[in-house]
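Given next are the chains, with one letter for each unit.
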Amino acid sequence: MTGARAVVRMRAVQAAFGLAVLVLVLRLGQVQLVQGDRHRAAARAERTEQVILPARRGTIYDRNGVTLALTHDVYHVGVAPNELADPQADVATIAKQLGLPRNVVRRQVRRAYGYFHGPFTSTQVEPLRHLRGVHLSGELVRFYPDRDLGQPVLGRPAADGRSASGIERVLDSLLSGRDGRAVVLRDPQGRRYESPSRRGAFPVPGHDVFLTLDAGLQEIVERALAEAVDRFQAEGGDVVVLDPRSGEVLAVASRAARGAATASAFTAIFEPGSTAKIFAAAALLLDGVATPGALVWAERGVYRTGRRTIRDEHPHEWLTLRGVIEQSSNIGIVKLTEPLAPAVLFGTLRDFGFGTPTGVEYPAESPGILKRPDEWSGTTKASVAMGYEVAVTPLQLAQAYAAIANDGVVMQPALVREIRTPGGRTVYRHVPEPVRRVVPAAVARTLRDLLHGVVYRGGTGQTAALSSYEVAGKTGTARRVGPGGYIPGSYTASFASLFPAEDPQLVMVVKLDDPKQGYARLTAAPLSRTVLEQVLGAKTGALDHGRLSDRRGLSLPGVPMGAGTVPYIVDWPPPASEPADGARAVPDVAGRSLRDAVRHLHRAGFRVRLDGWGRATRTDPRAGATAAAGALVTLFAAASGPGQ
Amino acid sequence: MGLWLLFVLGTLAWVVSRQTASVSLAEALAELRHQRSVDEAEHAELLRRIRAGESRAVLVPRARALGLRLPADSEIVILPAPPAPERP
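Protein chains in written order, with the numbering used here: chain U, 1 to 644; chain X, 1 to 88.
Source of the hints: derived by calculation from the structure; they are not laboratory data. One should not assume that every hint holds.
Ranges between beta-carbon positions, derived for each pair [what the hints assert, rightly or not]: (1) U:183 to X:65: 58 to 66 Å; (2) U:64 to X:13: 34 to 42 Å; (3) U:40 to X:18: 16 to 24 Å; (4) X:18 to U:112: 35 to 43 Å; (5) U:86 to X:42: 54 to 62 Å; (6) U:48 to X:32: 20 to 28 Å; (7) X:17 to U:8: 52 to 60 Å; (8) X:17 to U:64: 51 to 59 Å.
Note that CB positions come from ideal geometry on N, CA and C, so glycine has one too.
Given only the sequences and the hints, what does the whole structure look like? Please build it.
So this is what it looks like as structure tokens:
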């Protein structure tokens, strides 16, 4: 009996074991076969992590390779106080590296988890990397070595809910590259290691962009504009500098007295006033209605036509077309354009680019305003001839003047010079794009001559005149429009210039909004002169000094010209042994090198004109003769033999 | 049986050593990337300082303090480059 019960008990135990094994096998099957994928994924998720590898945004350079915007890593720092090995020493290290007061760090470390947003550079966090309890999280950020240089044009990439702007927006798809992805291993402490067995996609950096801007010129223009806005208490202003042959924008600055930084040179329009008279003159010359010598009676300053009275700032009697432009006579230009058909005036302005966007690589460029002739009232033609009832951006005005400088061919303005892949392969290079010929070369030359007269034949632009290299240009002082019409006593002062007057290399438009001194000849024209003077003395590639010296005819006939320049700062005031203003002796510089001779003459207080190349031979006035301070001394030079 | 065991152990050791080497290389790569990032940060900082140092906002006042000034246009004389020597 007892044996039988024992057998039953044994069987029961065996069955129970068997059942338990069966349950285990079934559960094993369920875990391994049915739920295997889920558990595998969960296990992988515990050990690994998929991360996005952000692509490095492309760098933006100026035309000479000066970095304007680049991308680099920055870090935010987290501290787990309970993991710190030596809290006292570690707090001191963290405070020192992050440049924070020690009590601030100590306060953070008293919390469960301290956090310092920063951002901090790699250099700052480098000593913290291996500190136990310090956790770094990195990100790529945009960095501008010169924070304000060309900022309205460069713009900003999209970030933190803010939309992109400027070049960063226009070229975003090229600059941003393609993000990569990777799987990293995680250890129990949460540290990440790249997983050698799981390949992701490598991030592809963005393309590098070379702009047409010249950083040196840009800085000159920005500083000069800022000073002018302050000095003239203007509401703001713009400066645009173009290379007339290529249409490339060399510098563009916009400034508002309230500090807003927008590229208003591309987006804000204004009535150009008298700076547009040269285009009415172009229409007259093109249509054969007038020649530069055509006479007009300027009505002694007041002209009534219909119900409208037109006035000149200074009364004139008889003026030629040349005189009308030089003296900026409203009456003269209105009377000269009376025989002109509205369609001709409209067509000329349209051909110069008014009323249509230039197509420069900038978002939201304004097309300006130029009404069709069938929308013109009885007074519109006179207004348009004087630069009213038409509105342009500073860039449009610069493009139109560049056409005059470029022998009558309108060029497409450009901001982007070159685009390169991260590997350095050029995928785009700007090629100058002629848009149309608007006037024949001969007419363009005549227009340049008229503009030269504005500066050098007693015109309104005399305050822009340089004494050694000639400038051509036109002033414009236009009444400003407010919500209720023209604002009394409020003007837009502008000056459009070509430098040098013959064979121009730079076209510059300067515009000041409501300067307190009002007239362009007192504000915009001197500002242009300041900029040009600084450009002449600066080491900028924007100006081809070789071509400038060629213009001045400095070489002996047949001697090839080069690009040698001597921009330098001279000691001032000159040595006290000489009277400051009186006559002084011309020093003997014969036999000296050209550079040395010029320096000696400058130090003696004379201006210098060169004739020839080589070693100094003589001067006119001759050495020892007395001449007034600031007098022009011609320095003759000649090659003195081979090898010299 | 012993040979099989040796083969399996050998294979496992080879896999482990490869994995270990890969992890070391990955660490070295991460270290290099970080070093590059440090160098780039230094480069950016130096660029900023150079640009600030060579800006006219800094140079012009210092030049003035030394008794120098920007030349007027009449004081700038552009010398033509010497003619290229004739090649025999």
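Hints and how they fare:
Taking 58 to 66 Å as the suggested C-beta distance range, the pair residue 183 (chain U) and residue 65 (chain X) conforms, at roughly 60 Å. Between residue 64 (chain U) and residue 13 (chain X) the CB atoms are about 59 Å apart, so this pair departs from the stated range of 34 to 42 Å. Taken as a hint, the range 16 to 24 Å holds for the pair residue 40 (chain U) and residue 18 (chain X), whose Cβ atoms sit roughly 22 Å apart. Here the CB-CB span from residue 18 (chain X) to residue 112 (chain U) is close to 41 Å, well matched to the stated 35 to 43 Å.
Our hint of 54 to 62 Å for residue 86 (chain U) and residue 42 (chain X) is violated, since their Cβ atoms are close to 28 Å apart. For residue 48 (chain U) paired with residue 32 (chain X), a C-beta distance near 22 Å keeps the hint of 20 to 28 Å intact. Evaluation of the 52 to 60 Å hint for residue 17 (chain X) and residue 8 (chain U) yields a pass: the beta carbon distance comes to about 58 Å. A hinted range of 51 to 59 Å holds for the C-beta pair residue 17 (chain X) and residue 64 (chain U), which are about 53 Å apart.
Going down the numbered hints, you'll see the structure goes against 2 and 5, while the others check out.
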